[in-house]
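Undergrad: These are the residues of each chain, in order.
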Amino acid sequence: MASEVVLAMCNITKRFPGVIANKKVNFELRRGEIHALLGENGAGKTTLMNILYGLYAPDAGEIYVKGKKVNIQSPKDAIALGIGMVHQHFMLVPTLTVAENVILGMKSSPFKLDLEKARQEIKELCTRYNFQLDVDSKVQDLSVGAQQRVELIKAFYRGAEILVMDEPTAVLTPQEVEELFRILRQFVESGKSVVFISHKLWEVMRISDRVTVLRGGEVVGTLNTKDTTKEELASLMVGRPVMMEYDKVACTRPHPLLILENLRVKGESSASSLKGVSFSVHGGEIVGIAGVDGNGQKELAEAIMGLRPVEGGKIIFAGQDITSWPTRARIEAGLAHVPEDRHREGLILDFTVAENLVLDTYDKPPFTRGKVFYPGEVKELGRRLVKEFDIRPPNPEALARYFSGGNQQKIVLARQLSRQPKFLLAVQPTRGLDVGATEFVHQRLLNEKQRGVAVLLISADLDEVLLLSDRVLVIYEGRIMGEVIPGQVSYTEIGLLMGGAQVAERSAG
Amino acid sequence: MEVKWGKWVLKVERKPRVKGTVPALIGPLVALSLALAVSSLVIALSKVNPLVAYQYMFYGAFGSVRSFTETLVKTTPLLLCGLGLTIAYRTGLISVGAEGQMIIGGLFTTLAGLYMGWLPGFLLLPVLMLAGLIGGGLWGAIPGYLKARLGVSEVINTIMLNYIAYYLVAYLLDVPLREPPGYFPQSAQIARQGWLPYLLPGTRLHLGVIIAFLSCFVVYFILWRSPLGYQMRAVGYNREAARHSGINVEKNMVLAFTLSGAFAGLAGMVEIAGLHHRLLGGFSSEYGFDAMAVALLGKLHPAGVAIAALFFGALRVGANMMQRSVQVPASLVFVIQGLVILFVLMDELLRNYVIRFLKPHMEEESHGAQ
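In order, the protein sequence lines correspond to chains X and R. The letter at position 384 of the first sequence is residue 384 when you use this note's numbering, and the numbering goes up by one with no holes. The letter at position 1 of the second sequence is residue 1001 when you use this note's numbering, and the numbering goes up by one with no holes.
What the hints contain is simulated information worked out from the structure, not anything from laboratory work. For clarity, every value in this text was computed on a predicted model and none was experimentally measured. We put the beta carbon where it would ideally sit given N, CA and C, even for glycine. Hints may contain errors.
[Stated by the list, open to error] Counterexamples of contact, computed for chain X against chain R with all Cβ distances above 12 Å:
1) 167
2) 276
3) 302
4) 318
5) 337
6) 341
7) 349
8) 361
9) 447
[Said to hold, decoys possible] According to the in silico footprint, chain X covers these stretches of chain R (three or more CB under 8 Å from chain X):
10) 1102 to 1110
11) 1215 to 1226
12) 1233 to 1240
Could you put together the complete structure from these sequences and hints?
TA: Below is the structure:
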């Protein structure tokens, strides 16, 4: 592997009103390496790369590409220098085909569009990187993983030698992540380089050659990946030692609290329809549901909360058949739900923190007494919970919209946990959160378990499920494939279950 | 976004939103000033000094007891319809239906006033009010129900129901309700004891204006001091999150539309019982449409809506004075109204950004940012 430096960013400083996003940052990328840029949300990773891509102008500092000082004014300049960027949110036109998206905005003859030639070239690229991609299908019909591949092709087609990937795995299933890693490896083997922005430690350990850690806009270190550990990276990133494993104390109660009996639910696709799911959750335990996204997890969660009609089977909670109860009655009976998408389902972004905290209890005393709603009581609760759950900034009157992802999730948790539920359904509770917030959420879930709450954890992050759960059920195409105890089985075995490979051997479900 | 102009850079940056009464007031005021400024260009085109025109307009609206009471009379239906729309908009429902709801409210009031005229006044007045509320409420509940159960667009439904209401009343005035001997498309007068009492002798100022201003408090109470209001606002901001916490979204939509219609119906009631004392074709005189601008300019808050309604009422009255005195057509009011809406909508955008002028090399030196 050659160690020629293809990109150097020296003393980059960028200020935004009130904050310094980058403070004298030095960053260096070698030919043929995958260099991870690690840091918590707001550490300045994306700002740095946006400067490289010409989206922001730095207040100070210099950029050298292949030893030459460059002045990047716009993404056009960046592309001309061989820099490609795949953003976290894709920049694709949904109604155009793959090929049309790839050539969109490229210079060619103004009078003639040679789509045929482009199609052939794109097809060749697809073959070279072994992409499963039909160049003539419309982008709106593609899965998220396939859309990301279109973005990659776009960068490759424009001759990118330096590829910047901004949190590329946030939206992918484990299989798609594997596929992406394979493509990136192949890309750098041909003498190109990748900057991999991430805040997930395990993927940084897996994919990168070197890591640069940013904290509060400053570089706290650049390390060779093979000489470091997850623990070291985590403490560099957060600035203090971080707990990587939790003590698990089983405190299971003898009787199951929630029982699903042969539950059948029509889903968004036939793969995600529940086809007879049975299991139970006891008080004082965390049961994890592992599986690739879209295998019925969403349907399972919605059926338990009464948000989706049940076609057959029963849901029994604390001895009562709640199968046909409305959502509100279930909440009042002691079910709590941390939904998958906190912006869409969990929070009302234009309500204040305090108003969000009473979304389940606004019509109960002390907030409503004798048909009158008391905003003063709501504020009072807000002040108390903001302290208790360490929501920052500690202002219960601020709109939920202006909080970071971690603090927004704390608002959701505070709302659910403050009413002392008996059962907690947590769906992807740490998706998109940084290390500190993830740790907080995990700790709260374990606390609830200790308190005797039955916790059902649904997550596409296998590490998280294994880390927290006492038992793990693997779901595939709407069926429970089997139950495993974390620590007693290998990743490969769970992976097989997640892929539905052992349907024949196992007679579960 | 950056625009470069020689050495100078014009920078548009997002800024954090400020909550509070003063910033909330600045937006509409700026929108108003801009609307008046642009309109003055239009006035200048007809070779009249805009300041003089505005002066006559102001005088026409507030200059004497008579003109001020006229302004209040016009403010009344605008305010009631605007309050109704505030409820719908806060629940995330785009209602265009205040006009039709007001017409049906007026129709119900007239029917009650014609056929229950044997009631004594202290009973008849509440009955008329109830009739207006029920009429408007029913007319509002229809698009609400269609939206909630079938997902039909409330925009189209309310527009269509406006037409239905308008032509239904036109038909009724043509045949069954027409006052004998029947030269004009109007009904007979409602019972005398059902008229809203006048507040000032010699003017048309009637009790309706007090009903309208009291309704501000009622709407404030519904929206911010009742669990129902909390629900409706939750549904308005984020239907999915409301549903996830067990709020019945469909029920709230129907309720919000019904309440919204009821206030518009009340506007119809005060117009009939306070002013015309009979049903006339076109009595609603497009108050229901202007009320949409009133609600938006008032930032969907009862206090703001009251001020905005007063402003629009003053425009209607003042414009006539302006036309008589300096021959600027009264329809200029429509221009001003349109511009106000335009600028109010833009203000929503502009308020989230700051514009900064910078000299590029000044920025390069670090001014110790802390």
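Undergrad: Each hint needs a verdict: does it hold in this structure or not?
TA: Results of checking the hints against the structure:
1. 167: Since the minimum Cβ distance to chain R is about 21 Å, residue 167 of chain X lies beyond 12 Å and the statement holds.
2. 276: 26 Å, holds
3. 302: 9 Å, violated
4. 318: 18 Å, holds
5. 337: 7 Å, violated
6. 341: Contrary to the label, residue 341 of chain X does not stay out of reach of chain R, its closest Cβ about 8 Å off (not over 12 Å).
7. 349: Non-interface label fails for residue 349 of chain X: nearest chain R Cβ at 7 Å, not farther than 12 Å.
8. 361: Check fails; 9 Å does not lie beyond 12 Å.
9. 447: 22 Å, holds
10. 1102 to 1110: violated (count 0)
11. 1215 to 1226: As far as the region 1215 to 1226 of chain R goes, the hint holds, because 3 residues have Cβ atoms under 8 Å from chain X.
12. 1233 to 1240: It holds: at least three residues are needed, and the region 1233 to 1240 of chain R offers 5 whose Cβ sits within less than 8 Å of chain X.
Hint compliance for this structure: hints 3, 5, 6, 7, 8, 10 are broken, all remaining hints hold.
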